[in-house]
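A.B. asks: Sequence:
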Amino acid sequence: MMSRNYGTSLTEIEHINQSLADLISTPVGSRVMRREYGTLLANLLDQPTSEALYLKCYSTIYLAILRWEPRIEISKIFISSLNQGKQVVDIEGRLINTGQSLNLSIPISIGALT
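In the working numbering, the protein residues as written are 1 to 114.
Below, in silico cross-link-like pairs of lysine-lysine (DSBU-like), each with a Cα-Cα straight-line distance of 30 Å or less:
1. K76 - K86
2. K86 - K56
3. K56 - K76
Hints were generated in silico from the structure; no laboratory data involved.
Using the sequences and the hints given, assemble the complete structure.
C.D. replies: Structure follows, in C-alpha cells:
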C-alpha cells in the first residue's frame, strides 16, 4: 500500500483513510470504467446548510463506503462544521479482518456559504 502523494508505504489504516478520502471526494459518474464509484456530494454543493442536507450527506457517504470499502464496518458517521463551508467527516468503525477499532477524520466542503 502506497501513498498517492508521496510514494511512501502506508499502514492499512492510513491506506483506508486515503481510499475513503478519494471515494468521498469523487463524484458519481466521473470515473470512466467505474461510473458508480464515488458519492453524490458534488450534487449537494451550494445547497443551503440544513439538517436535510446533512442527512443526504450521511446517506451518500454511508452507501458509498458500504459498497466500495469492504475492509471496514461502520458504526458511526458524523459531519462536524469548521467554518466557511468546510466540514470534517468523522468515521468510527472497525477493521473487518482484525476487529481493531477505527477512528478517521476526512475534510470535505459542502453546502453554500451563509
